[in-house]
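Respectively, the protein sequence lines represent chains A and B.
At position 331 of the first sequence (counting the first as 1) the number is 333 in my numbering, and the numbers step up by one without a gap.
At position 34 of the second sequence (counting the first as 1) the number is 300 in my numbering, and the numbers step up by one without a gap.
Please keep in mind that the hints were generated in silico from the structure rather than gathered at the bench.
All C-beta atoms, glycine included, are put in the ideal place defined by N, C-alpha and C.
Heads up, a few of these hints could be off.
If we take Cβ atoms under 7 Å as the criterion, some of the chain B residues that face chain A in the derived model are [unchecked claim]:
| no. | residue |
| --- | --- |
| 1 | Y275 |
| 2 | R278 |
| 3 | T282 |
| 4 | S285 |
| 5 | T316 |
| 6 | V339 |
| 7 | R341 |
Listed below are the simulated EDC-like cross-link pairs for lysine to aspartate or glutamate, each with C-alpha atoms no more than 20 Å apart in a straight line [to be verified]:
| no. | chain 1 | residue 1 | chain 2 | residue 2 |
| --- | --- | --- | --- | --- |
| 8 | A | K97 | A | D213 |
| 9 | B | K305 | B | E289 |
| 10 | B | K272 | A | D324 |
| 11 | A | K189 | A | E248 |
| 12 | A | K65 | A | D298 |
| 13 | A | K245 | A | E204 |
| 14 | B | K272 | A | E204 |
| 15 | A | K97 | A | E248 |
| 16 | B | K272 | A | D303 |
| 17 | A | K116 | A | E147 |
| 18 | B | K272 | A | D298 |
| 19 | A | K78 | A | D216 |
| 20 | A | K65 | A | E214 |
| 21 | A | K287 | B | E276 |
| 22 | B | K272 | A | E276 |
| 23 | B | K272 | A | E290 |
| 24 | B | K305 | A | D298 |
Just a few of them, taken from the derived set where beta-carbon distance is under 8 Å, the chain B residues facing chain A [as the list claims (entries may be wrong)]:
| no. | residue |
| --- | --- |
| 25 | L274 |
| 26 | W319 |
| 27 | V321 |
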Amino acid sequence: MALYPANCMILVGTCPGQVRTTFDLQVFKYTSSSILLETALDGTYPRFDIPIPLDGWSRQLDKLERAYYEMALKVKFHELRGNAFQDFFSDVMEKNHFGDFTRVCPWGSSGDMKNDGYLRSEQTIFGVYAPERWVDAAAQQKVEEDFRGALPHWRGYFTVWAFVHNRMNGLPAPVLLKLNELEAQWKLEDSGVRITSWGYPELRAKVFRLDENDLTALLGLGKAPSYPAMSKVGYAEIAVILKGIEGNPPRRVTRIPPPTSDKIKANQLSSDAETMLLAGMRKSKAVEGFLRSFHDVTLGDRIASTFKSEYSRLKSDGLGPDAIFAALWRFAGGTARGSVSDESAVLAVLAYLFERCEIFESAGEDG
Amino acid sequence: MILPTKHLYENRALLTSGSELLELLSVPRTMSNLWNAVKCSRSDGNPILTYDWFVLSLDFLYSIGAIDMSDGVLRRVRS
């Protein structure tokens, strides 16, 4: 057996394909496109010889596919609350830690005993909190109640208590302070207990460890559109999308501000939204060509009017640029169709409307 | 509909299709004759004018007093 520097990472294979290697299950890690093995502390290479099928694991996603899944995850995080968020968290953990993570459900008068999930190998108990509306005082109270409530039942079975929340832009300082105070207090009584928090970055890291099949199942999607798929978008796919949009009436008629010429950066859209729009722009000419030749000459104006109304409604609701983009994407049928060609056509339609200033704001003068 | 918009291109607006019909009515025509003439003039690859848009264009021309119809024949109104 060869010796390597202790705790170093060794690349032993890349997908697609199959790799036979030796490894110790407890030290092995993998990325989406390769297998990296971490050596043991004494520098020895792993011991078992097991074939590793790589077909089901994530091949290297192109930039558009990655942006698509990132946007879909943001949509989930933005929309899920309460039990739905807890179920999503449990799904993520079960797929990542099969056989190791246990989902906990309330049981009769015992309830869930303040345990929203248990990761046995890391002796971690999770408390999940995803309210409809975040209030710092309520969150602080939730932290205190869940941690203290878990202790009588689970003390001795956990060394880490993790507060899982649905805030995308970080934990408010008062809540972080409460977590630190609790940890400091309980370290006096039980030095082995650690308190931590998990938010969007932590769950995102877990989600993108999954292979593509698990990823699409988790996010409730079909396969992401890729750059090659975008090149195949034609009138047939665009017609399906536009007819679907036509059937979605605006939810409220509002005063529509005059359209202005706009640029992606001026709207502070994320790199994921930018990637999706730029990919869609490759086929926005096809949308224009379709509308030029479609027998119903007013379809383009009706589609634009529908989207402008929806955009105004979303903006008046106080949503940020990415949240608006994600909502318009779903409004156009994105994430609900399941076929790569349809998803690609949705991007083309969004990009067409974006270029013609029907959605989002201008960078400077009115057009 | 009458004027071009961002999504209704100039060659499909009523103003454009109306002017096309007006030119074809340099001589009085029946509806069928005019419709055939339009189809021929658009057979060179221009976007197809559907029959309902053809009728709407005639409605537009009639509403602005540019054409008239009598005894089944359409003709320009001389101002």
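Here is what the structure says about each hint:
A hinted interface residue such as B/Y275 counts as satisfied when its beta carbon comes closer than 7 Å to some beta carbon of chain A; here the least separation is about 6 Å, so the hint holds. The closest approach between the C-beta of B/R278 and any C-beta of chain A is roughly 5 Å, which is under the 7 Å cut-off, so the hint is satisfied. With a cut of 7 Å, the hint placing B/T282 at the interface with chain A is violated, because the nearest CB-to-CB distance is about 11 Å. For B/S285, the shortest C-beta to C-beta distance to chain A is roughly 16 Å, which exceeds 7 Å, and the interface hint is violated.
Annotation: interface hint on B/T316 holds; nearest CB of chain A at approximately 5 Å, less than 7 Å. Violation of the interface hint for B/V339 is found here, the shortest Cβ-Cβ separation to chain A being roughly 28 Å, above the 7 Å cut-off. Checking B/R341 against chain A by beta carbon gives a least distance of about 26 Å; that is not within 7 Å, so the hint is violated. A distance of roughly 10 Å separates the Cα atoms of A/K97 and A/D213; the hinted pair therefore holds under the 20 Å criterion.
The hinted pair formed by B/K305 and B/E289 meets the criterion: a straight-line CA distance of about 14 Å does not exceed 20 Å. Restraint check: the Cα-Cα separation between B/K272 and A/D324 comes to about 25 Å, which exceeds 20 Å; the hinted pair is violated. Distance restraint check for A/K189 and A/E248: the Cα-Cα separation of roughly 60 Å exceeds the 20 Å cut-off, and the hinted pair is therefore not satisfied. For the hint pairing A/K65 with A/D298, the CA-to-CA distance comes to about 36 Å; that exceeds 20 Å, so the pair is violated.
Taken as a hint, the A/K245 and A/E204 pair is broken in the structure, with Cα atoms around 39 Å apart against an allowance of 20 Å. Taken as a hint, the B/K272 and A/E204 pair is broken in the structure, with Cα atoms around 44 Å apart against an allowance of 20 Å. A threshold of 20 Å between alpha carbons decides the hint, and for A/K97 with A/E248 the separation of about 38 Å lies outside it, so the pair is violated. Among the hinted pairs, B/K272 with A/D303 is consistent with the structure: their alpha-carbon atoms are about 8 Å apart, no more than 20 Å.
Distance restraint check for A/K116 and A/E147: the Cα-Cα separation of roughly 8 Å lies within the 20 Å cut-off, and the hinted pair is therefore satisfied. Taking the CA atoms of B/K272 and A/D298, the gap is near 15 Å; set against the 20 Å cutoff, the hint holds. A threshold of 20 Å between alpha carbons decides the hint, and for A/K78 with A/D216 the separation of about 15 Å falls inside it, so the pair holds. Between A/K65 and A/E214, the direct Cα distance comes to roughly 14 Å. Compliance with the 20 Å bound is thereby established for this hinted pair.
For the suggested pair A/K287 and B/E276, the alpha carbons sit about 17 Å apart, so the restraint of at most 20 Å is met. Only pairs whose Cα atoms come within 20 Å are accepted, and B/K272 paired with A/E276 is rejected, the gap being roughly 23 Å. With a CA separation close to 10 Å, the supplied pair B/K272 and A/E290 stays within the 20 Å bound. For the hint linking B/K305 to A/D298, the alpha-carbon distance of about 17 Å falls within 20 Å, and the restraint holds.
Annotation: interface hint on B/L274 holds; nearest CB of chain A at approximately 6 Å, less than 8 Å. Because the beta carbon of B/W319 sits about 6 Å from the nearest beta carbon in chain A, less than 8 Å, this interface hint is met. The interface hint given for B/V321 is violated, since its Cβ lies 13 Å from the closest Cβ of chain A, which is over the 8 Å cut-off.
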